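Engineer: Using this note's numbering, you'd call the opening residue of the sequence shown number 32 and step up by one each time.
Read the hints as simulated data drawn from the structure, not as lab findings.
Hints are not guaranteed to be accurate.
[Stated by the list, open to error] What follows is a list of derived Cβ distance ranges for each label pair:
id: 1; residue 1: Q324; residue 2: R360; range: 56 to 62 Å
id: 2; residue 1: P291; residue 2: R200; range: 34 to 40 Å
id: 3; residue 1: R360; residue 2: R191; range: 25 to 31 Å
All values derive from a computational prediction rather than experimental measurement.
For glycine and all other residues, C-beta sits at the position ideal for the given N, C-alpha and C.
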Amino acid sequence: MRILAVSNAFPSASAEAGGIFAWREIAGLRALGIEVEPLHSGFRRRFRSSWREFHQRLRRLQPDLVHVYAGSIGALAVAAACPCPLVLTFGGPDLLGPARRDPWSERAVGHLAVACSQLAAPNADAIVLRSEPLRPLLLRPADRARAHVIPAGVDLALFRPLDRAQARREVGWSGNEPVVLFGGSRWRAIKRFDRAVAAVERLRRQGVPARLESCEAIEPDRMPLFLTAADCLLLTSQHEGSPNIVKEAAACGCPIVTVPVGDVAEILDGVAPGAIVPADPDALAAALAKTLQEGRRSNGPERIRARYALDATARRVARVYGEAMASWRAGRRRGWRRLRRALPGKAHAG
């Protein structure tokens, strides 16, 4: 099986870019013996060259299936041109939209990306959603009914409990002051760093000498060190699809305090210590105080191992590939793609 994987976010050196999670899923698929070739698409900024590069890669690789990670302009362009089975994965922002605090130009681009995602969805032979709360956001009932929910998996060889004293030395956090690690970049409006700052300020006024750190500019492979060194992870986002940082923190045994976004309730079901509380600084501060007072690591590793191991989620994606290819061979082309004749060739037979 040959797969052409298309994304606007890999290869990526930043965990915040999102591409690292698709990249790790590709590694899981390759471990299953599936040939996957990644294509970094830049349809938003360089449409013509990206369009040309996509078609060149199609001709050279002759893939059995194209998998597009994340919606937006690229997903719509690929859906319009794809002459073989197509799988679309929606991660969250491509259906949820931009941050309310983003500049108007970025909000406009974000809303355009959502519109393109909705137009592309009917033309996919299979749809993957990163969490169940994303399902109602698909406009067509038929798309909602056939979507598969497969969260991004966690590389348990990388994200695992480590020695805390050594981790704190390696990240440069000295002293015994509790460290609250903000689960995102302070510069991304959608992550609501202001909520985290307000919560920790209230916490300090209560006599808890906690320090707030953020995790932008951390190399993905070093994230386990920071999650091990931290006393608690704090997530205060406006919205999320399925926050991978929560799964990764739980896999490292880091306690988590979060607002109720995405599928955090499912991820953290049975995980303690930690809490899911309203997006209110006082509620967040109270949850942080209680979690830090317990002073122990969480039972998250066993929970993540049971439900979100990378090899298990990769097998689920591979099954979706099989279903999409079977639907294509049966002639069940989706949406307006069924009006086009498939291009000739081994990988393009309809």
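Engineer: List, from low to high, the hint numbers that the structure doesn't satisfy.
Structural biologist: 3
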